[in-house]
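Listed below are the residues making up each chain.
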Amino acid sequence: MPLLAYIDPGSGSMLLQVILAGVLAIPFFFRRLIADGLHRIRGDRTAAKPVEGGEDASTDR
Amino acid sequence: MVDPASFRDPSGFVYRRDGVVYRQVQRSAAADWEAFQASGLYERLVGARLVVEHEEVALDLAAAPDAVAVIRPRAIEFISYPYEWAFSQLKEAALLTLELQSRALDAGMRLKDASVYNIQFDAGRPILIDSLSFEEAAPTEPWPAYRQFCEHFLAPLALIAHRDVRCGLMLREFIDGIPLDFAARLLPGRTRLNLGLSAHVHLHAGAQRRASKEPPPADGAERRERRISETGQRALLDSLRRTVEGLRYDPSSQWVDYATTTSYSDEGTASKGEIVREMLADAGGATAWDLGANVGVYSAMAADAGYRVIAFDQDAASVEAHWRRVRGDGNPAILPLILDLANPSPSIGWALEERRSFLERGEPDVILALALVHHLAIGNNVPLPAVARLFARMAPHAIVEFVPKEDPMTRRLLAARPDIFADYTIDGFREAFGKAFRIERESRVADSPRTLFLLQRN
Chain A
1 MPLLAYIDPG
11 SGSMLLQVIL
21 AGVLAIPFFF
31 RRLIADGLHR
41 IRGDRTAAKP
51 VEGGEDASTD
61 R
Chain B
1001 MVDPASFRDP
1011 SGFVYRRDGV
1021 VYRQVQRSAA
1031 ADWEAFQASG
1041 LYERLVGARL
1051 VVEHEEVALD
1061 LAAAPDAVAV
1071 IRPRAIEFIS
1081 YPYEWAFSQL
1091 KEAALLTLEL
1101 QSRALDAGMR
1111 LKDASVYNIQ
1121 FDAGRPILID
1131 SLSFEEAAPT
1141 EPWPAYRQFC
1151 EHFLAPLALI
1161 AHRDVRCGLM
1171 LREFIDGIPL
1181 DFAARLLPGR
1191 TRLNLGLSAH
1201 VHLHAGAQRR
1211 ASKEPPPADG
1221 AERRERRISE
1231 TGQRALLDSL
1241 RRTVEGLRYD
1251 PSSQWVDYAT
1261 TTSYSDEGTA
1271 SKGEIVREML
1281 ADAGGATAWD
1291 LGANVGVYSA
1301 MAADAGYRVI
1311 AFDQDAASVE
1321 AHWRRVRGDG
1331 NPAILPLILD
1341 LANPSPSIGW
1351 ALEERRSFLE
1361 RGEPDVILAL
1371 ALVHHLAIGN
1381 NVPLPAVARL
1391 FARMAPHAIV
1401 EFVPKEDPMT
1411 RRLLAARPDI
1421 FADYTIDGFR
1431 EAFGKAFRIE
1441 RESRVADSPR
1451 TLFLLQRN
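These protein sequences, in sequence, are chains A and B. Positions 1 to 61 (my numbering) are the ones given, in order, by the first sequence. Positions 1001 to 1458 (my numbering) are the ones given, in order, by the second sequence.
Pulled out of the complex, with its shape left as it was, chain A reads as follows (with noise of 0.2 Å):
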């Protein structure tokens, strides 16, 4: 699919974009495996609890 953006991306915002997407992708892949294990094992002992909705929920008030 091409990319339609009707503002200018930038090709230097675009480059660091696709650098940082790689860099920040492994202490976030890590970062999400401990959370995803901490919650299964606090879902476990709680399990009435709801796993979803952390800390993505962050603005839904």
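Be careful, since some hints might not be right.
[Unchecked claim] Mimicking SDA-like on lysine to any residue, the simulated pairs with C-alpha atoms at most 20 Å apart in a straight line are:
| no. | chain 1 | residue 1 | chain 2 | residue 2 |
| --- | --- | --- | --- | --- |
| 1 | B | K1405 | B | P1449 |
| 2 | B | K1213 | A | P9 |
| 3 | B | K1213 | A | G22 |
| 4 | B | K1213 | A | L15 |
| 5 | B | K1213 | A | D8 |
| 6 | B | K1213 | B | R1223 |
| 7 | B | K1405 | B | D1423 |
| 8 | B | K1405 | B | K1213 |
| 9 | B | K1405 | B | E1442 |
| 10 | B | K1405 | B | A1392 |
| 11 | B | K1405 | B | L1359 |
| 12 | B | K1435 | B | M1394 |
The hints are simulated quantities; they were obtained by calculation from the structure and are not laboratory data.
Let chain A serve as the given structure and place chain B on it in line with the hints.
Positioned in the frame of chain A, the structure of chain B alone reads:
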């Protein structure tokens, strides 16, 4: 009439017909519009009050050819702009934008722009007003709005948090966000040690600088398609969110303490409150603008009296403190905003029509100008008749406090300067305001030299 701010995105536009706001979706955006509805994203976002809801209306209400849909979004009461927002309001708008992008990714879509002007404050919360901001995209495509997010949100937030709260006013000059090279130069060197700011502002500015030096691509050359991993996409979003969340601003200024350090005695405060409440009831109406609202003591009174209130103050710290209070109380009736009445928001942007001036954005039923006129007349040398004319332009009713020269607050304004204000007397006030208004009621505040006026426009 097509909204003059609605020209950037060719996928649709906003217009008014008989005073009602509509948005037309163009054929070129049909697939994205269809996907937005079909994916259930629209319903979920409206359910969570993250996007303003709309009603689809008949196509013959379209304003131009090539419409595939016409919608009537719920009207937003007062359109405000980011240079009028307190730090926390801008921060909440930033986090909302990232949340929308995250939820869009879940639905196989994305936000195609991250314009700060797409967010408005509605009943005490930020909300996206541009329902045409979503498009279908694979999660492996880089986010085209990354740069815009950094310029519209991250740079001003970082400048406020790390340099000075008044940096927020720069958004009035830079309508498309703070250029990142400029932000990088203004930020203190220690922000390079902040991982997020170092990446999204400092490195970002460097990447833009290097790219601008590259030769242009050959005519007809294929644009290089870049790819990122889905985890990378989420990681970038997570990094932006953490960076924004890590930015803080602590409001403290002489004005934040103003309410507790006024010249009023307890008796005077009680008397003023009582008079203001009575005048608010007498004025009647649904909307009030509190000018010079400080941290909002009288805005709260107006809200209690049933008004929906916009509370303006020129001091960003006071507006921040006020916003935190109404947010904490969950009071959707009050919207605090930054505005210097001596130099209010002008019309800006293309043909000076994109962002409307303060005076072109509606008229409340009543304005409150309490402990304000002496700042305009003496602090700012505005003649009383000019103050009266401006107030009369703004609203049919005004509740105005006159603070005479013998009051300690006025004495302070005159402490270091000669008194050139011969007409600044209560008789001068009556004469100046008596031209544009009819004085409905005049009440002296107990245990104080001040007087409150309820005025009705002639």
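Which numbered hints fail: 3, 8, 10, 11
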